[in-house]
Amino acid sequence: MIRFLKRFYLGFILLFLYAPILVMILFSFNKGDTRANFTGLSFQWYTKMFQNSTLMEALINTLVVALCASVIATVLGTFIAFVIAKMSPANKSISMKLLNIPMLNAEIVTGVSLMFFFVFISISLGFTTLLIAHVIFDVPYVVLSVLPRIRQSNKSIYEAALDLGATPVTAFRKILLPEIMPGIFSGALLAFTMSFDDFIISYYTSGPGFVTLSVYINTMTKRAIPLTINALSTFIFVIVFVLLLITNLKGKKNSDK
Amino acid sequence: MSKRINNALKCIPVYLWLIVFTVVPLLMVFFYAIFEVKDDGGIRFTLDFLKDAVTNGQYLDAMLRSLEYALISTLVCLVLGYPLAYILAHMEERKRNFISVLFLLPMWMNFLIRTYALSSLINEQGVITKFLQWLGVIEGSITGTEAAIVIGMVYNFLPFMILPVYTSMLKIDNRLIEAARDLGSNSFIVFKKIILPLSLPGVISGITMVFVPCITTFVIPQLLNNKVWTIGSLIEFQINGNANSAGGVNNTAAAISFILMIIVFICMSIFSKFDSDGAENGGLM
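One line per chain: the protein sequences are A and B, in this order.
Residues in the first sequence are numbered consecutively from 76, following the working numbering.
Residues in the second sequence are numbered consecutively from 24, following the working numbering.
None of these hints come from the bench; they were simulated from the model.
Here a beta-carbon is modelled for each residue, glycine too, at the ideal position from N, C-alpha and C.
Treat each hint with caution, since some may be false.
[Stated by the list, open to error] Rough simulated footprint, nothing fancy, chain A against chain B, three-plus residues with beta-carbon under 8 Å:
#1 114-126
#2 142-152
#3 274-283
[Stated by the list, open to error] The calculated DSBU-like cross-link candidates involving lysine-lysine, where the alpha carbons are at most 30 Å apart (straight line), are:
#4 Lys-161/A x Lys-172/A
#5 Lys-118/B x Lys-33/B
#6 Lys-249/A x Lys-33/B
#7 Lys-230/A x Lys-194/B
#8 Lys-325/A x Lys-194/B
#9 Lys-230/A x Lys-33/B
#10 Lys-325/A x Lys-161/A
#11 Lys-297/A x Lys-250/B
#12 Lys-325/A x Lys-118/B
#13 Lys-33/B x Lys-172/A
#14 Lys-250/B x Lys-81/A
Construct the complete structure from the given sequences, taking the supplied hints into account.
Listed below in structure tokens is the structure:
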């Protein structure tokens, strides 16, 4: 009986979390053009989505920004993680607190503050500002996935390599890097996902000339636009869902070992 | 000695990064809250905007309303999330990993898309609205009511409550529970004396993690009930709906954001007090 109640409760919350998304996906295949009546199966909204040139431009923008931001953030984040790992406890605590600010702070405050910052140093809003903003909020994710790996890594193997005559660079490349690689990889994947999916920070730091998919969806929700928005949302949702599933299940498996 | 200096030198770029890109932008909010931008590009010191932000009736109203929605939503998330985290934490390990990921994944996903998806179910023609109308519980649509905002917040932020509570429950040493049972405690005593106090840090961080985004969101009120003003929608309106913004900068928005930032930092300092080791195991991975 208790077992049944538990399952029922889990199922109920899971339904609450996923039902809206499933309905949204269902209606992206609607033959009609409202969110109210499902009149038959059709792929017309997907065709329309891929024929919409503004939307395709937004897709390319999003991919370019997410790719550039995650690569830059991975390099920077890994470097920062190495430095933080060697810091004294006091310094470490301060830098971790600062690093956590963009993750814990309200997104609207982060977005608005970055916008003010760019206006203050007079860079006009567009691709550059968007890229910088994305790197800024991606870095903490990379650091947080690399840092535990560095802590777990076996220092004596690295020292043994040095004793046997390897240069620090070789020892780093052959010993340390392979050991922390899974952390770097999942950090990079997470950073890409966060960038691809971000709305609020992009909304404030991208100018009217450079639109990303989420920002485009926002303009679409304000006009009564047909179901292309469902097709587009489904498209983003599926990509992000799969990326996150890979990151998390892989991360879990690695930490079990 | 030289090694210490070497290490200290390496810290510099990291601090530089953190200060330039994390601290300075936040200071910019304060800067624009106290310096008026004039049309000719000049600036002037004034406390009017800050004073206005805490005395103007419309802003105060929005702040109090946001606080109210955030409090109610946080409470609902706690009531729904705590038992859920408990059930998840006590599942078989093999199943637990996959199922918990399903519950936690939505926290990383686009709020705009998720709120839009929710709105199709609870707007005038939504399935849930139709069903509740048929039952006779409600008359109009759910969107446009205050309940819609709370539902939207709970829907979006519930995983943020589940994660920290679940993590803190996983950390509880099972031997403590077994020992208590061996010494004759019943389930209620075990819960009251062991599980509840040991999961409390998780509850505290869960409350902060839900409360902060709830109080600041503008997407949820915009999509589910655009008749009421919250702090988030006020800032968003000042920046994007207001012709007085000079080059994107709006002093009123800066002043309101500054007040909001202070509220958020108070919440965050409470969070870090209770969660000293959470920084590295707070993530999903």
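Any hints from earlier that this structure breaks? Give me their numbers in increasing order, please.
-> 5, 14
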